[in-house]
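Protein chains: 2
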Amino acid sequence: MIYADYNGSAPICTDVKDYLIERLKKDGPYSNPNAIHYLGNKVLMGMENARSICAKVLGADYNQIIFNSGATEGISTAFHSCLDGALEKGKKAIIISGIEHSAVVNTGKYWVEKGFEMKILPTLSNGVVDVNALESWLADFGDKLALVAIMAANNETGVIQPYEKISELCNKHNVPYLCDTTQFVGKTLFNFKKSGADFALLSGHKIGALTGTGILMAKNPCSVKPLIIGGGQEKGHRGGTQNYIGNETLAVALKNFEKNLDKIEALNSKRIEFEAEIKRRFPDVVILGEDAPRLASSTYIAYPGIHGQAVQIELESQDIFVTTSSACSDNEPVTSKVLKAMGVTDSVGRGVVRISLGLCSPLEYYDQILEALSKSYEKLAKIKSY
Amino acid sequence: MIYADYNGSAPICTDVKDYLIERLKKDGPYSNPNAIHYLGNKVLMGMENARSICAKVLGADYNQIIFNSGATEGISTAFHSCLDGALEKGKKAIIISGIEHSAVVNTGKYWVEKGFEMKILPTLSNGVVDVNALESWLADFGDKLALVAIMAANNETGVIQPYEKISELCNKHNVPYLCDTTQFVGKTLFNFKKSGADFALLSGHKIGALTGTGILMAKNPCSVKPLIIGGGQEKGHRGGTQNYIGNETLAVALKNFEKNLDKIEALNSKRIEFEAEIKRRFPDVVILGEDAPRLASSTYIAYPGIHGQAVQIELESQDIFVTTSSACSDNEPVTSKVLKAMGVTDSVGRGVVRISLGLCSPLEYYDQILEALSKSYEKLAKIKSY
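Keeping their order, the protein sequence lines are chains A and B.
Residue numbers for the first sequence follow my numbering, so the first one is 1 and each next one is one higher.
Residue numbers for the second sequence follow my numbering, so the first one is 1 and each next one is one higher.
Just chain A, same shape as in the assembly (with noise of 0.2 Å):
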């Protein structure tokens, strides 16, 4: 089987299974993180230490991680810190790029519900979002923003977004930047307080880690007001008894990316030469942001003419498991919003499909990827979908 859906979720990997199996052998310890008795201590000690080990590996400091339930919930909290009582301030409008993911649409939707206005920065065909647009835009409504939001690397096509220049410009405006980072950490290095971004996140299961985790690194964590809103535990910022054991195995998901960052390079190149191999073999086939800079291990691929869940169903069929687009729309056999976003016709839209990898994926596996995906093309362009 070749699990190459990584950009929905990733397995659990080697090294937090070691951990969870041996963590649960040795029956504990378990407490209330906020006891204060040896157990409760103990079991706070070991979580400390862990967002210390996660602060290091994402470039934060200690008090700027706050553990949370996963990148969904970093994303509504940092809107809700960032828009609760904003527009009592004059800060009316927010920017979303029209590429992302629904978490962030559908949270910005709920604020225009609330009285914001919602402007959606325009993308260039390439996957990239238009810079310049945005520099132009914060220039004329910097002191109406309440918040920008823009992703570190699309879901879909995985092209990465120029964050360190859109903080940049944030900054320069002194306009709160949320910087989605949920398809980037894991995947290539990420430091928090050199991307300049105010809220950056992730969720556990995107990395390796036990589901229902996720971190929301903010610039200035008292700028953050919790959602969830509790006992006063994370010093505040978000309630509810910490999922110790959770938080333990985002540390060694992080700790075990580190460990491989090596493999990025070979992933890297490795899908360069799978994708140029293809497109040799199959002229009419479209890669989705070919031209720009994109993670390693993610391409999105298009034979126009051959529907995407076909592909995939044919793939699926070699114990090979791809997705046509986000997890969330998969329901959905149209053109995705993202490519839209990137002025994609329907007739390469409708045929795409994800193939998404992880750092610790062997190499082979693009070959044998290459393999089923030509003749999965082969047997349907025979009977083309649509």
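There may be inaccurate statements among the hints.
All copies of an identical chain are treated as equivalent in the list; a pair is satisfied when it fits inside any one copy or across any two copies.
Unchecked claim - Using 20 Å as the maximum straight-line C-alpha spacing, the simulated SDA-like pairs for lysine to any residue come out as follows:
#: 1; residue 1: Lys382; residue 2: Asp18
#: 2; residue 1: Lys144; residue 2: Val131
#: 3; residue 1: Lys270; residue 2: Leu189
#: 4; residue 1: Lys25; residue 2: Cys360
#: 5; residue 1: Lys337; residue 2: Gly232
#: 6; residue 1: Lys235; residue 2: Tyr110
#: 7; residue 1: Lys114; residue 2: His80
#: 8; residue 1: Lys42; residue 2: Phe321
#: 9; residue 1: Lys270; residue 2: Asp367
#: 10; residue 1: Lys42; residue 2: Ser317
#: 11; residue 1: Lys270; residue 2: Thr188
#: 12; residue 1: Lys89; residue 2: Tyr110
#: 13; residue 1: Lys56; residue 2: Glu258
#: 14; residue 1: Lys42; residue 2: Met1
#: 15; residue 1: Lys109; residue 2: Gly232
#: 16; residue 1: Lys89; residue 2: Asp27
#: 17; residue 1: Lys89; residue 2: Glu117
#: 18; residue 1: Lys26; residue 2: Gly46
#: 19; residue 1: Lys114; residue 2: Gly236
#: 20; residue 1: Lys42; residue 2: Ile2
#: 21; residue 1: Lys225; residue 2: Asp84
Hints are computed from structural coordinates only; laboratory data are not their basis.
Position chain B relative to chain A; hints supplied.
Quick look at chain B alone, frame taken from chain A:
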């Protein structure tokens, strides 16, 4: 070692431990439950099967079970669902009791800042909320009330509240009722539909499931507005890729609870016996909420004049782990809010320790706690701390 802080957090139960070790050893299935490939579907089916089991044990309909990250999130979500936009409809007030967990109190305060009035229901000296007062408040202000939030069992005293009567009154006056069942579920039988409440909830870490898991039960799931917005997961009621592994452990823990239901009676009798004996040995000792119906495994006990923290430390030196109050307020060596609401004097209030066991704790633990506590009281009585 005797762990007697189940009300703070329960250890992962044996069935969950075994389940997880096996699942990790099998190394999967792992996937995004919203992906439409076979693996995604397999993960989804496992999670939905878990939802069915949880629904059955909790006496809820399948679609009334919304998975989330814990009880605190459930509380924030229920408040958000009932209060967001309520002012505009003339619903200006909420009622909570004086013995609510700080998660409810602090969430209430957040909404007070948004313009709501929060009325605090009085509590009788036995630790039971004053239902007669509630009845007259509902009659007087029913049409202005956006929410009533009163717990099913108190986290400190273990006193069981008349939640069915409260449901009946709230239903009569058409006021949504949030019943905080965090300390109730997993310690005694709870049937959501029979309870009549509009919202109930649980935290996995209180019932032996994985940390960072939880369920919000909603009578009318359509009334649940997502707090964490995301991409439409949990039928739009809770965004973010579901914590499918954690959710599976909720089903395992609830099945384990059901399997051990018959242990409640013996635990209850043993606790009563323990309390009678410690009072016989130390006639000054006070059991908080003694005359009220209580959870089988909770004792909140004080020897006036001996500081609770001193007792806690003495017990800890004998490898018995208890707390002085809830984990959230454990660091404040003053009479807790709950006890103040019951009219308890500082002389008693500063002396309390909370002894809380789990359904599967050996009954002999009470014998050992009895001896250790007696030893502690004997020792500390000579050097009374206040």
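Problem - Violating hint indices (sorted, rising) - result: 1, 16
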